Every structure is written in structure tokens, then in C-alpha cells.
Amino acid sequence: MTRTKKSRSAKVGLPPGSLVQVGEKLTDTFNIFLVYYDEESLQEMEIRKIAGCSTFLRKTGVTWIHVQGMPEIPVLEELGLHFGLHPLTLEDILNTDQRPKTEDYGDYLFIVLKMFYNAGSSREGLQSEQISILFGSNFVLSFEEKETDTFEAIRERLRSVNGRLRKSAADYLAHALVDAVVDHYFLILEHMGERIEQLEEELVTTPSAGFLNALQGLKKEMILLRKSLWPLREMITSLERSESPLISKSSMLYFRDIYDHTIHIIDTLETYRDMLSGILDIYLSSISNRMNEIMKVLTVIATLFMPLTFIAGIYGMNFKYMPELEWRWGYAMVWVFLLATAAGMLLYFRKRNWW
Amino acid sequence: MTRTKKSRSAKVGLPPGSLVQVGEKLTDTFNIFLVYYDEESLQEMEIRKIAGCSTFLRKTGVTWIHVQGMPEIPVLEELGLHFGLHPLTLEDILNTDQRPKTEDYGDYLFIVLKMFYNAGSSREGLQSEQISILFGSNFVLSFEEKETDTFEAIRERLRSVNGRLRKSAADYLAHALVDAVVDHYFLILEHMGERIEQLEEELVTTPSAGFLNALQGLKKEMILLRKSLWPLREMITSLERSESPLISKSSMLYFRDIYDHTIHIIDTLETYRDMLSGILDIYLSSISNRMNEIMKVLTVIATLFMPLTFIAGIYGMNFKYMPELEWRWGYAMVWVFLLATAAGMLLYFRKRNWW
Amino acid sequence: MTRTKKSRSAKVGLPPGSLVQVGEKLTDTFNIFLVYYDEESLQEMEIRKIAGCSTFLRKTGVTWIHVQGMPEIPVLEELGLHFGLHPLTLEDILNTDQRPKTEDYGDYLFIVLKMFYNAGSSREGLQSEQISILFGSNFVLSFEEKETDTFEAIRERLRSVNGRLRKSAADYLAHALVDAVVDHYFLILEHMGERIEQLEEELVTTPSAGFLNALQGLKKEMILLRKSLWPLREMITSLERSESPLISKSSMLYFRDIYDHTIHIIDTLETYRDMLSGILDIYLSSISNRMNEIMKVLTVIATLFMPLTFIAGIYGMNFKYMPELEWRWGYAMVWVFLLATAAGMLLYFRKRNWW
Amino acid sequence: MTRTKKSRSAKVGLPPGSLVQVGEKLTDTFNIFLVYYDEESLQEMEIRKIAGCSTFLRKTGVTWIHVQGMPEIPVLEELGLHFGLHPLTLEDILNTDQRPKTEDYGDYLFIVLKMFYNAGSSREGLQSEQISILFGSNFVLSFEEKETDTFEAIRERLRSVNGRLRKSAADYLAHALVDAVVDHYFLILEHMGERIEQLEEELVTTPSAGFLNALQGLKKEMILLRKSLWPLREMITSLERSESPLISKSSMLYFRDIYDHTIHIIDTLETYRDMLSGILDIYLSSISNRMNEIMKVLTVIATLFMPLTFIAGIYGMNFKYMPELEWRWGYAMVWVFLLATAAGMLLYFRKRNWW
Amino acid sequence: MTRTKKSRSAKVGLPPGSLVQVGEKLTDTFNIFLVYYDEESLQEMEIRKIAGCSTFLRKTGVTWIHVQGMPEIPVLEELGLHFGLHPLTLEDILNTDQRPKTEDYGDYLFIVLKMFYNAGSSREGLQSEQISILFGSNFVLSFEEKETDTFEAIRERLRSVNGRLRKSAADYLAHALVDAVVDHYFLILEHMGERIEQLEEELVTTPSAGFLNALQGLKKEMILLRKSLWPLREMITSLERSESPLISKSSMLYFRDIYDHTIHIIDTLETYRDMLSGILDIYLSSISNRMNEIMKVLTVIATLFMPLTFIAGIYGMNFKYMPELEWRWGYAMVWVFLLATAAGMLLYFRKRNWW
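Chains as they are written, first to last, in the numbering used here: chain A, 533 to 887; chain B, 533 to 887; chain C, 533 to 887; chain D, 533 to 887; chain E, 533 to 887.
It should be emphasised that the hints constitute simulated quantities derived from the structure, not laboratory data. One should not assume that every hint holds.
You can't tell identical chains apart in this list, so a pair holds if it fits in one copy or across any two.
[Said to hold, decoys possible] Result set (DSSO-like, lysine-lysine): computed pairs, CA atoms no more than 27 Å apart in a straight line:
1) 678 <-> 633
2) 678 <-> 581
3) 633 <-> 752
4) 633 <-> 852
This one's a predicted model, so the numbers in the text were calculated from it and none came from an experiment.
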């Protein structure tokens with residue numbers, strides 16, 4: 533799998549609606565899955581040509597086309613023709629460097645989301661892919677950058693005849709897709725919560741050398757996550773405000789439920805952020821504290837031995853006439869004097885609470 | 533009592549409205565209390581089957597069903613059937629990891645709250661449980677995670693014939709339940725206030741080793757409390773905005789009173805937060821100040837004795853031709869020189885205000 | 533005078549509207565003053581029984597009842613009966629731990645304010661008392677926690693026949709009372725401004741040991757004041773929005789004037805806050821700067837004398853074969869070497885700007 | 533010129549609308565200039581009595597009365613009578629401690645502004661005076677605290693027959709006055725910008741002792757300026773919102789232009805603020821960096837010479853039996869050992885990048 | 533090319549609408565390009581006289597006049613006459629020190645933008661020029677400060693007969709111009725992102741001496757960019773709100789697309805800002821950490837050798853009666869004692885984790 537990141541600058545100067553893939557290309561292949569369902573029947577197939585799906589569109593049930601990987605531009609254009617998509621929509625699907633948003637094009641609603649997941653190794657950290665969801669009165673189109681099985685659980689639910697999904701319209705399926713993506717954020721948050729707890733424990737014992745880097749890494753992931761969450765919140769608010777006839781009143785209740793989840797996720801993230809900044813404060817304070825401890829030891833030692841060494845130096849002088857040197861108890865007296873000096877200083881330090 | 537925490541991730545992939553208990557399960561047993569009252573009569577009983585309560589619902593008085601502990605899912609489903617509850621409501625009752633909110637389902641209003649209390653030992657810190665309150669025109673359902681007696685005082689008030697509660701409708705009872713929960717926040721705040729005062733006093737004397745941890749612990753509790761308070765505020769605002777016919781105008785006056793309390797609590801918490809950050813600032817400054825003091829002592833001692841020791845070292849040299857050593861008053865002169873040097877330096881330090 | 537503080541927690545579990553005094557009880561006695569005035573006449577008296585004032589209420593002029601100190605609960609209940617006050621109002625009057633607010637009960641408007649004053653000694657700092665003002669179409673009730681003479685100036689103005697007050701309705705008297713309280717904030721601000729200037733001057737010379745505590749004390753008072761000011765602002769906004777018929781259009785102009793004062797006070801306080809945080813920044817920087825100075829002295833001294841002492845130590849060794857010791861000019865050469873080393877080092881320090 | 537500052541507290545207890553001068557009194561004298569103009573004629577005169585201007589008011593042109601310095605209270609009252617001014621307006625003109633605001637009194641609009649200018653010496657810093665502007669359908673009143681010539685340029689423009697001013701109504705003149713004041717802010721900003729650049733340059737070389745004070749002084753001026761700018765912005769917004777018939781649609785276009793200038797000024801000030809805080813960050817970091825440098829020097833010196841001095845001390849001991857002392861090459865071997873030790877340590881420091 | 537910066541203060545006192553060039557004058561020459569197009573034909577020419585373009589204005593197609601460099605004032609006035617521009621518009625075009633804004637003058641919409649680009653050398657950093665765009669029903673005027681080819685790509689697109697541009701009205705061309713400018717911001721952001729990554733890498737290894745300056749430079753550029761971005765956002769919002777008949781509904785869709793880009797750019801910039809502040813935090817922490825390391829080394833060395841040197845000093849004293857000196861194993865015993873002391877201290881340091 534070759535990964536080539538096309539930066540947005542590649543499009544500078546091109547007219548809007550130009551179909552140029554922007555953002556890291558995560559995979560070269562792509563697959564198209566079609567699911568048609570109504571209350572009685574369910575059909576699943578992998579298709580190669582978009583043309584084939586028009587027969588389904590004429591039926592009363594819901595046609596769900598799911599594109600995994602980045603589709604080739606002709607395929608995308610064909611899709612655009614069949615479902616009457618605006619050029620700006622097609623452009624946004626190809627550009628995986630979008631911020632989450634909802635757009636109401638009258639005939640269909642267009643939703644862009646970010647799906648986050650933790651990479652296998654902790655070094656790579658938080659990864660994300662873009663998921664685009666479009667739905668009209670009887671169809672849902674979904675685009676996923678990578679070949680993961682995010683929506684497998686929903687296909688499973690569709691297969692059971694009695695599920696609410698089978699009895700509902702396209703808007704409810706779209707809700708289910710969005711819900712599946714938002715639910716994944718809880719996994720990310722739990723993982724973050726565990727790492728914060730780990731940092732807090734480390735703080736109480738002895739922070740390792742990698743402490744600061746771990747903290748900074750966590751902070752960076754939060755910044756990334758946050759960048760996606762605020763537009764996600766706006767997105768659902770604007771869905772509600774749009775009052776599009778494409779969303780029934782009962783489905784709107786479920787979208788409101790997603791909104792609640794989003795707020796909950798944002799709140800938790802803000803809480804984590806406050807905790808992290810608290811941890812950094814404590815870490816910095818404890819560095820200062822330890823510095824103080826070290827300096828106290830140095831000062832005590834220097835203050836203790838410098839005067840003593842000076843006295844010893846005095847009686848190491850070679851003057852011819854130094855009366856003390858001749859005294860019988862001179863040496864003993866010096867020791868007494870030295871010990872008394874040391875004891876006095878230790879008392880002084882004790883009084884200043886340095887010991 | 534076994535405590536098992538089911539994280540939210542357990543629900544990823546499930547359809548919304550799936551009844552799976554999420555959050556720490558605080559207790560295994562559960563009890564259901566039914567209170568029926570109108571202006572003349574009051575009936576209290578513990579029930580096992582929900583079916584029995586339908587006779588009360590047909591009467592004109594208020595039926596209050598209080599569930600203590602986490603109910604088994606079949607019991608909850610039965611409740612849902614009898615009172616016509618939406619699947620999302622049932623899901624939210626089971627999920628104790630909610631943020632406070634109000635939802636207007638037309639036939640009933642659904643309120644989720646957090647009840648905070650201080651654990652017995654200070655190590656465990658702030659604990660919380662979720663309280664869900666539902667009320668329609670003639671019934672109130674309340675769910676409490678733990679087997680505590682939060683609402684005992686309200687039952688007591690119901691027993692007195694002349695109380696306002698007995699004469700009022702379900703909305704006033706719901707208000708009383710919410711009020712009881714919000715009033716508990718004042719207890720938490722008072723406890724926090726005392727601990728902040730303690731920290732302030734410690735700051736003036738000598739901060740102990742645990743100072744930073746106590747401060748950080750307090751900060752963390754505030755973050756937690758705050759996370760609940762802001763949605764609480766929104767909750768009551770949205771109650772007012774909803775203009776639900778379920779809340780009478782006179783009851784709304786009482787809900788507005790709760791709103792005032794909430795604002796008061798939030799203000800106090802913000803004040804505490806500002807105080808804590810002030811305490812941290814002062815603490816950090818005083819560490820720097822003490823460091824300065826320590827360094828001054830070290831510098832004074834080193835500056836005093838290093839030159840003196842050097843001079844003593846000079847006359848400890850064994851050169852054959854050192855004229856001073858032979859002088860009669862050499863030793864005395866060195867002492868005079870040493871003392872003069874020391875006195876000069878002390879004067880210099882005094883002038884620089886280091887002494 | 534005994535002071536007993538009843539905390540809010542004493543009311544947990546009680547129904548709303550319960551008359552329990554909450555907050556520090558500042559005085560045990562209370563006095564009730566009645567002033568009746570219209571354009572022609574003015575009557576002032578101290579009353580003991582509320583019943584007596586109903587004759588005044590039937591007249592066309594304004595009846596102002598001012599209660600100084602915390603009234604006994606029966607007296608308050610009697611007031612409530614005579615003036616038709618809501619139980620929640622009575623509860624709020626007793627609870628002196630309120631945040632400023634306005635409430636429109638239809639027949640009367642209810643205003644809660646905080647009056648700040650500086651205690652005599654600077655140790656006690658900022659003190660506050662609660663002032664509650666109620667006014668209907670022809671009466672004003674005011675409650676003041678302490679036995680101070682906040683409103684004496686207004687009584688004085690009432691006594692002059694030609695004053696605007698005598699010619700105006702109850703709403704203008706209420707405005708005058710609120711204005712008197714808000715005007716006191718300017719006194720508090722001026723006092724703060726002087727203390728900030730003092731701190732700034734101290735910063736330029738040598739900050740005393742109490743510097744940090746003075747700064748922290750000032751900060752704390754600001755937090756307290758701010759906590760009262762924001763709701764005060766909202767309070768007056770909501771007065772304007774209420775469009776109560778109790779406030780005439782011309783009086784509203786005067787209330788808007790109070791609003792301007794409030795904004796001015798808040799702006800000044802914010803300015804002071806920014807100044808204080810600037811002072812703290814400079815203080816911390818100057819601590820770091822002084823530390824640098826101290827360390828430079830230490831380093832210069834150590835770097836100067838350590839090598840010199842080492843050289844002296846070398847020639848203090850007792851080896852049998854040390855050729856230098858026998859040289860005729862050995863001692864002099866050592867001195868030359870020592871002085872050259874010292875001079876070299878001093879030049880180096882000068883070059884690094886440490887001197 | 534005597535300067536006496538009357539603080540706002542002097543007015544505590546007085547009824548609103550009391551004419552007491554508040555704020556620093558900058559000058560004792562005052563002058564009144566009258567300009568009358570219409571498309572054909574222009575009359576300029578200095579007047580002493582307000583009564584004389586009523587003849588002009590009856591004409592169709594615009595009468596502009598400009599009061600320089602603080603007018604005596606009787607003069608102000610006379611003005612109030614002639615132009616029908618509200619007592620609160622007169623009070624606000626006298627009180628030079630106002631925040632910028634606009635008030636719509638129906639017959640006239642009242643605008644309060646702050647004019648900033650740099651005092652001659654840099655020590656005194658930013659100075660300000662209050663400018664009050666009132667305009668009705670055919671008159672403009674302006675009050676300026678000091679005897680400066682802020683509006684001389686406008687008088688000049690009035691004198692040219694073809695200027696837009698001469699052909700326009702009172703609202704356009706008022707706009708011109710406000711515009712002249714706001715334009716002065718650009719001068720202040722340019723001066724600030726230069727000082728910030730100066731600080732930045734100093735930061736790169738060696739910050740002088742006065743660096744922190746200069747930075748703090750700049751910060752303080754910004755706080756002061758900001759305090760005036762935000763209400764200035766609101767002021768113009770409220771002018772637009774007021775939809776007063778006194779401002780014609782084409783003049784409103786010019787007021788919107790002032791609004792744009794105000795926003796531009798605020799943006800620039802915010803940018804400066806961010807820059808200043810960046811400068812402080814860098815300054816603090818560089819202090820820490822220099823401290824590190826100093827400590828490295830100290831540590832290297834101490835680590836180098838302490839072991840060497842110790843070794844020299846060993847062979848300075850006077851034990852009878854010290855075999856090394858007798859060795860032929862003992863002294864030389866010690867030197868070899870000393871140099872090897874020193875070289876080893878220097879290598880170690882080099883490896884740790886301390887050198 | 534002479535560059536002369538005229539500061540805004542040059543205009544203080546002048547009436548609004550005065551045509552004085554303000555801001556750095558980047559070039560002395562100027563060129564005027566005229567493009568006329570409709571669905572069938574396209575005409576491009578460089579013109580010298582504005583008068584010539586009136587023939588095109590009478591046609592049904594779109595006339596686009598692009599002025600490169602700062603036009604002479606007579607030329608500008610002629611333009612103003614031909615296209616009916618307001619004096620304030622002409623003033624704003626000359627003043628290149630504007631903040632981005634949109635103004636609706638009824639007959640035309642006026643847009644001011646900032647175009648950012650990186651100067652060739654990294655020393656000069658971020659540069660900007662002002663671009664003004666005006667469009668009416670059948671004309672577009674654009675002004676660019678410098679002689680760059682920002683809009684060359686758009687001219688290219690115009691030349692292709694089938695492009696959307698050729699078939700659209702003036703509003704779509706205006707959109708294309710704005711879009712071209714906004715797209716350039718992505719280039720700037722990418723460049724910034726690379727420099728932030730570089731700083732992060734440097735942080736992990738050893739930050740060079742220029743680290744702080746690079747960080748500060750980046751911060752300053754961000755402040756500048758941000759100052760332009762927020763008004764850009766407002767600008768497009770106000771375009772949408774204006775509901776000007778000059779923008780067709782389908783073009784508004786494209787303007788909304790630009791709005792999305794702007795939000796995306798702002799979000800990214802905020803993310804970068806958070807990252808930078810995180811980098812500064814880590815940098816400061818790591819300075820403190822390194823300081824601790826240095827101090828530990830110093831303390832260990834001093835604590836180790838000071839007592840040892842003292843002991844050596846003791847036996848270097850010249851007292852006549854020092855029994856130890858005479859002992860056979862005295863010297864050996866001292867060595868044993870010294871080594872034991874050193875070992876004990878090292879063990880102590882190891883226990884305190886200093887080693």
C-alpha cells in the first residue's frame with residue numbers, strides 16, 4: 533500500500549468543484565457495496581458499475597451504497613450523475629482534509645465526519661479517517677477512506693427482520709451510521725483517561741524521563757480530537773436547525789441523542805484538558821521543590837565544611853612563630869573548636885527547618 | 533457488594549435504545565417504593581410488581597414510584613410499558629454515565645441529575661450517583677443508583693397533611709426532588725471552602741509535603757463538580773424554555789428558585805477556583821523566594837571563606853624562601869588581614885541587603 | 533453582640549419558603565422605621581407593630597418601611613401578610629447569603645443587593661452586608677443587615693420639600709436606595725486603587741516580606757467584589773427588560789444611569805485585575821533576576837579562588853623532590869602566576885558582562 | 533494652573549443630577565466659542581453669555597458651541613436651559629471620569645469620548661481628557677476638558693465654502709468631531725508600536741535593567757487604552773441601533789466608517805498585547821537560560837578543581853610514614869595524575885554538551 | 533523601486549474621503565488590465581484611460597478591470613466617476629492598512645482582503661498585500677498592491693470557452709477572485725506546519741540557541757495571520773447576511789464554500805497556536821529539568837570532596853603533638869576512612885536517586 537499525501541496547495545488556482553484528491557491517500561483500491569432493504573426483503577451485493585443501482589432507486593425501500601477506499605474519479609462522477617450531486621459535494625468527498633460539517637442541498641443532506649482510532653503501536657498515536665454520508669428520501673451514500681469494518685455492525689442489524697432499522701426510512705439509517713462513528717469517540721476517550729491516570733500515578737512516585745513527552749503527546753492528541761469535536765457539535769445543531777423535510781420528527785429525536793453524546797464527549801475532553809494542565813502545574817512545582825531540596829543539601833554541606841577547612845588551613849601554615857602549634861593541648865583544642873562550630877551550624881539549620 | 537464498572541465502549545455498535553447497563557454498578561439489589569397521595573389520603577408501600585400500580589394511576593392524586601438501586605432490565609421494560617416511556621429514556625436511566633439534562637417527551641418530562649456526596653474517608657474524595665426523575669400529569673418516577681435516603685425528608689413532608697406538597701400536583705413533587713438534590717451541593721461547597729481555608733492557613737505558615745497533592749485533589753474535585761454544574765444550569769433553563777404544560781406557572785416560580793441556587797453554586801465554585809489558582813501562584817512565588825534565601829546563605833558563606841582559605845593555603849606552601857614566614861609578627865599580621873577581609877565582605881553583603 | 537453564622541446546609545431538606553435565617557447573623561436587635569411622604573407632608577416614626585402602618589398604605593403618598601438588623605420571624609411574617617409577599621421573598625430576605633438579583637412578583641419588584649464597606653482595621657479587609665429592597669405602587673420596604681446609616685442621606689433629602697424625591701413615586705425612592713448602595717462601590721474601588729499604587733511603588737524599590745500576602749489579599753477582595761458585581765449588572769438589565777408597570781419611563785432613565793455606573797465599576801475592577809496580574813509577573817521576573825545576580829557573584833568568587841587555592845595546595849605538598857620549592861624566586865613566581873590567573877579570569881567575566 | 537482631583541466619592545449620597553465636578557480638574561479657566569454656518573455664510577465668535585446664542589438657533593443653519601475647559605456650574609445650567617438638556621446630561625459633562633457612551637434623549641444625542649495624547653516627557657506617559665458632544669437637529673455642543681486645539685482643523689474645514697461640512701447638517705459636524713478624536717488613537721498606536729519594536733530589539737541584544745519597567749509601563753498604557761476602546765466600539769454600535777432621526781442615512785455611512793476605524797484600532801491593540809506577552813515569555817525563558825549557563829560554569833569549575841585540591845591536600849598531610857612522599861618521581865606522578873583527572877572531566881563535560 | 537511607508541497619522545485631521553495614500557507604498561508604477569467576456573467572446577487589453585471602457589459597460593457581458601500597483605489619484609477619481617463609487621470606497625482602496633471587510637453600497641459590493649505570501653528569504657518572514665474587489669451587476673474591479681500574478685490562473689480559466697466562469701455573471705468572477713486569495717492561505721499554513729514540526733523535532737534532541745527566536749517569530753506570524761483571518765470570516769458572514777441582489781443564490785453556495793475554507797484555516801491556526809504554546813511549556817520544563825541535573829552534579833561533587841578535603845586539611849596541620857601522625861598505619865587508616873566516607877555518600881545519593 534503506497535501512501536501519498538497530496539496537500540491542499542495542489543489545488544490552489546483550480547476552480548471550485550475540481551475533482552482532485554486532497555489529503556493522505558490511505559489506500560489505492562476501493563470497493564462498492566450495495567444494500568437494498570425494505571420491511572420484507574434485503575439484498576446485499578458488491579457492485580462495480582453504478583449504473584446497475586438505478587433499478588433499486590425506483591423501488592420504495594432504501595438503497596444504501598457504501599464506498600470503501602477512495603473511489604476513482606470517473607466512478608465518483610457517475611455517482612454524481614445518478615444521484616444528482618452538486619460538484620462541490622463531489623469535491624468535498626475527495627478532499628479528506630475536511631472539517632466535520634452538514635450541508636443541505638435540498639434534495640439531499642451531506643454530512644462529513646471524522647472517525648478516530650488508535651493505531652496499533654502507541655508511537656503512531658491517534659489516527660483518523662474521513663467518513664462522508666449523504667442521504668436523500670430513499671437512498672444513503674457513505675464513503676469511508678479505509679478498508680475497515682466500521683459499519684459491519686449496522687449491516688448485521690439490517691439483516692434481522694425485526695430491527696427498527698428495517699422498518700425505518702433512509703434518515704434513520706443515516707443516523708445509525710453517524711451514531712456508529714460518534715460511539716467510537718468513547719473508546720478514544722477511555723484510552724486517554726487511562727493514560728491520564730497513569731501520568732497521575734507516575735507524578736506521585738517518580739516521573740520518568742519520558743514523562744514530559746507522554747504529557748505533550750497526550751495534549752497533542754487532545755488538540756486534534758478537539759478540532760474535530762467542536763464542528764461535530766455545530767454540525768448536529770445545524771442538522772436540527774435546517775428543518776429539512778428529509779429528517780422525520782421521530783428520527784430527529786435520535787439525532788438529538790447523538791447531540792447529547794457529542795456534548796458529553798466534549799465535556800469529558802475539557803475535563804481531561806483541565807486535568808492535564810493541573811498535572812503539568814504539579815510537575816513544574818515538584819521540579820522547583822526538588823531543586824530546593826538539592827540546594828539545601830549543597831548549602832548545608834558547604835556551610836558546614838568551608839569554615840572547618842579554613843581553620844584546618846590556618847594551622848597548616850608554616851609561620852615560624854605560631855604559639856598555638858607548640859601548646860600541649862593545641863591539637864585537642866582545635867578538634868573541640870571544630871566540633872563545636874559544626875554542632876552550632878547544625879543547630880542553626882535545624883532551626884531554619886533545613887534538616 | 534460487588535462493584536463492576538461497565539464502560540460506555542461496551543455499547544459501541546449496538547442500536548440506540550438498547551438496554552445495557554453502563555457505568556459503575558454500585559449495588560446489585562433494588563427496591564421499589566410507591567407513594568400515592570392526594571389532599572385527603574396518603575398510601576406508602578414497597579412493591580415488587582409494576583402491574584399493581586395501575587390502579588393508582590387511574591385516581592386523581594399523584595403516584596410517586598421511587599426505585600432505589602439499579603433495577604433489573606425486565607422490571608424497567610415493564611415500567612416503560614405502563615408509563616409509555618420512550619426507549620431512549622429507558623436507555624438513559626440505565627446509563628449512569630450521563631450528563632445532567634432535561635428532555636421533553638410530550639407526555640412526560642425527563643430529568644437527569646448528579647447527586648454528590650463526600651465519601652466517609654477523605655482519601656476517596658467526592659463521590660456521585662445519578663438520579664433520574666420523570667414526571668407526567670399525575671405521576672412521578674424517580675431512580676436512585678444507591679441505597680441512600682436522599683428523599684426521606686420529602687416522604688416526611690408528604691406525611692404531614694398541611695404541607696404544600698400534599699396540596700400540589702406532580703410537578704411540585706418533581707421540583708421538591710430536584711431541590712433536594714441541588715441543596716446537597718451546598719454541603720459539598722462548604723466542605724470545599726473549609727479545605728481551601730486550611731490550605732491558605734498552611735501557606736502562611738509552612739506548607740507540608742502533601743500541600744501540592746491536597747491542592748491538586750481539590751482542583752480535581754472542582755473540575756468534576758463543574759462538569760455537572762454547567763449542564764445543570766442549562767437543564768433548568770431549558771425546563772423554563774420548554775413551556776411544557778406539565779409545569780404550572782406557580783411551580784415554575786419554584787423551579788426558578790432552584791435556578792438561582794444553581795447560579796449561586798456556580799459563582800461560588802468559580803470564586804473557589806480563582807482562590808485556588810491564587811494560592812498556587814503564591815506557593816510558587818514562595819518556593820522561588822525560599823530558593824533565593826538558600827542561595828544567599830550559600831553565596832555569603834562561599835564568598836567569605838574561599839578567599840580566607842586561599843590565604844591560609846598560601847602560607848601553607850613549603851617554599852624555601854618565603855620571607856613572611858620568618859617575620860616575628862607574620863602570623864598575627866595574617867590574622868589581622870583575614871579578619872579585615874571578612875569584615876569588608878560582611879559590610880558589602882549588608883549593603884546589598886543580603887544579610 | 534454575638535455573631536453566629538448559620539450555614540446554608542442547615543436548610544437542606546426543608547421545603548422552599550421555610551423561614552430559617554441563613555448566613556452570619558450580624559446583630560440580634562432590629563429596628564423598624566416608617567417614613568410616609570407626599571408632596572405636602574412628611575411623617576417619620578419608629579414603629580414596633582406592622583399593623584399600624586396600614587393606615588398609611590391607604591393614602592396616596594409613599595410609605596417607606598426600613599428594617600435595620602435581622603427582624604424576628606413573626607414580624608417578617610406579619611410584613612408578608614400586610615404587603616402580600618410571596619413566601620420565597622420572605623425566605624430570601626432572611627437568607628443573607630444571596631447573590632444580587634431582581635425578581636418581578638407582579639405586585640411588587642424584589643431587589644437583593646450587596647453593600648460593601650472597609651472594616652476599620654485593614655486586617656479584616658472587605659466586609660459586606662445584604663440589602664433587600666421591595667417596592668410596589670405606593671410602598672417601599674428595605675432591609676439592612678446591620679445598624680449602619682446607609683440611607684440617612686436619603687432621609688435627609690426627603691425632608692427638603694423641594695427635592696425631586698418628594699415629588700416622585702415609590703419607584704424613584706427605590707432607585708435612590710439602589711443608587712446609594714452602588715455609589716458606595718466607588719469608595720471601595722478608590723481604596724483598592726490606592727493599595728495597588730502602593731504595591732507598584734514597593735515593586736520598584738524593594739518588595740517587603742509581606743508583599744505577596746498584600747497582593748493575595750487584594751486579589752481575594754477583588755474576587756469577592758466581582759462575584760457581586762456581575763449579578764448586579766444582570767440585575768439592572770433584567771429590571772429594564774422586565775418592563776414592569778411599577779417603573780415609570782422617567783425613572784427607568786435613572787435606573788439606566790445606575791447601570792452605567794455599574795459598568796464603569798466593573799471596567800475599573802477588570803483594569804485593576806490586569807494591573808495586579810502585571811505586578812505579579814514583574815515580581816516573579818525580578819525574583820528570577822535577583823537569583824541570577826546572586827548566582828553570578830557565587831560563580832565569580834568560586835571560579836576565581838578555586839584554581840588559586842588548588843595551586844597553593846600543590847606547593848603545600850610534602851614531596852621530598854619538588855624542584856620548584858628550592859628555587860630562589862619560586863615563591864615570587866607563584867604569586868605572579870596567581871595574579872595573572874586571577875586577572876585573566878576577571879577579564880573573561882567582564883567580557884561576559886558578569887561584572 | 534492648579535490641578536485638583538475630586539474623586540467620585542465626593543458625590544456619594546448626593547441625588548443624581550447634582551452638578552458637582554468630579555475627576556481631575558485640569559484647568560480653571562474656560563472659553564466658549566460659537567460658530568454659526570449655513571451654505572452661504574459663516575460666523576465665528578467667542579461669547580461670554582449663553583443667552584446671546586438663541587438668535588442663531590432660530591435660523592436654519594447649524595450652531596456649534598464649543599466649550600474649552602471646565603465651565604462654571606451656572607454657565608452649564610444656563611446651557612441646559614437653552615438647549616433643553618436633561619440634568620443627568622449636565623452631570624455627565626461635569627464628571628470627567630466617565631466611560632465612553634452614547635445616550636439618546638430624543639431631542640438630542642449625547643456622546644462621551646476619551647481623547648488620548650502622549651505627554652511631552654515619556655515619564656508621564658499616556659494622558660487623556662474627556663470630550664462630550666451633544667447634537668440636535670440644528671445645533672452641536674462640544675465640551676473639551678483642556679485648552680488644546682483638537683478641533684482647529686475642523687474649524688479650518690468649515691471656513692472653506694465648498695467643503696462637505698458646510699453643506700451638511702449638524703449630524704455630519706458631530707461625525708467630524710468624533711472622527712477627529714478617533715483618528716488621534718492612530719497616533720497613540722504608532723507610538724506604542726515603535727516602543728514594542730524597541731523592546732524586541734533590546735530582547736535580542738541585552739535587555740537593560742529598565743526592560744521590565746518599560747514593558748510593564750507599556751502594558752499599563754494598553755490596559756488604559758483598552759478600557760476606553762471597548763465602550764467606544766459599543767458606543768458606535770448603539771448609535772447605529774438607536775435609529776435616531778437625528779442621524780441621516782448618508783451620515784450613518786460615515787459613522788460606520790468610524791466604527792471600522794475603531795475595530796481596526798482594537799485589533800491592533802490586541803495584536804500588540806499578544807506581542808507583549810510573547811516578549812515577556814521570551815524574556816523569562818532567556819533569564820532561565822542564562823541561569824543555566826552560569827550554573828554550568830560554576831559546576832564545571834567546582835567539579836574540576838575540587839578533586840584536584842583534594843589530591844593536593846592528601847600530599848600536604850604530615851604523616852610520618854607516607855611512602856609516596858619519598859619516591860623519586862612522586863611529585864611528577866601526582867602532576868600526571870592531576871592532569872589526567874582534569875582531562876577526563878573535561879571530556880565528560882564535552883560529552884554532556886556543557887562546554 | 534522605492535518604498536515609502538505613509539503612516540495613518542498623516543491623515544489625522546483630514547475629512548473622510550480624502551484621497552491620500554496610506555500604508556507602505558510597494559511600487560510606483562501601475563497597470564490597468566481590462567477583460568470583457570460573455571459566453572461567446574473574450575477581449576483582453578491593457579488600457580491607459582478609463583474613459584475607453586464605457587463602451588464595454590453598455591454590453592451584456594462582464595467587464596473586469598484589474599489594477600496592478602497603486603493607481604495615481606486622478607485615475608482613481610476617474611474610475612470613481614465612471615462606476616459611481618462612493619468617496620469612502622476610493623479612500624479605502626488607497627489605504628492599504630485596512631482590515632478585511634465587506635461593504636454593501638447598494639449598486640456595488642466592496643470587498644477588502646489581505647493576500648499573504650512568504651518572502652524569498654526566511655529572515656523577512658510573512659509579507660502581505662491588500663487586494664480590493666468591487667463588483668456590480670455587470671462589472672468587477674480589482675486592485676492589487678503589487679505586480680504579482682495572483683489572478684493569472686483565473687484569466688487562464690476565462691480563456692477556455694466551456695468554463696463555468698464564462699457562463700456566469702460578475703458575482704461568480706468576484707467569488708473566483710476571493711477564492712484565489714483564500715486558497716493562498718493554505719500555502720502559508722503548510723509552511724507554518726513544517727516549521728512547527730521542525731521545532732518539535734529540535735525539542736526532542738537539543739534545542740539550538742535560535743530556538744526561542746524561531747518560536748517567537750512563528751508566534752508573531754500567527755498573530756499577524758490571525759488578525760486577518762477573523763475579519764475575513766466576519767466578512768463572508770456579512771456577505772451572506774447582506775442578501776444583496778448582486779449575488780445570485782447559486783453563487784452564494786460558492787461563497788459558503790469559501791466560508792468553510794476560512795473556518796478550516798482558522799481552526800488549523802488555532803491548533804498550531806495550541807501546539808506552539810505546548811512546545812514552549814515543554815521547553816521551559818526541560819530547562820528546569822536540565823538545571824536540576826546540573827545542580828545535582830554540583831551538589832554530589834561538593835558533598836563528596838568537601839569532607840574529604842577537610843580531613844586531608846586536618847592532617848596537614850603543623851601541631852607539635854598530633855599522635856596520629858606518628859602512628860605506623862596512620863596514613864593507611866586515613867585512606868580507609870576517606871574511602872569509607874566517599875562510599876557512604878555515594879550510597880546515600882544512590883538512595884535519593886541522584887545518580
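Within, between, both or neither: residue 678, residue 633 at alpha-carbon 27 Å: within (20 Å within a copy, 36 Å between copies)
Up to 27 Å between alpha-carbons, please classify residue 633 paired with residue 852: within, between, both or neither. neither (95 Å within a copy, 90 Å between copies)
Is it within, between, both or neither when you check residue 678 against residue 581 at 27 Å Cα-Cα? Answer is within; shortest intra-copy Cα gap is 20 Å, inter-copy 51 Å.
Using 27 Å as the alpha carbon limit, work out where residue 633 and residue 752 are close: within a copy, between copies, both or neither. within (22 Å within a copy, 30 Å between copies)
In this structure, only the earlier hint numbered 4 is contradicted, and the remaining ones agree with it.
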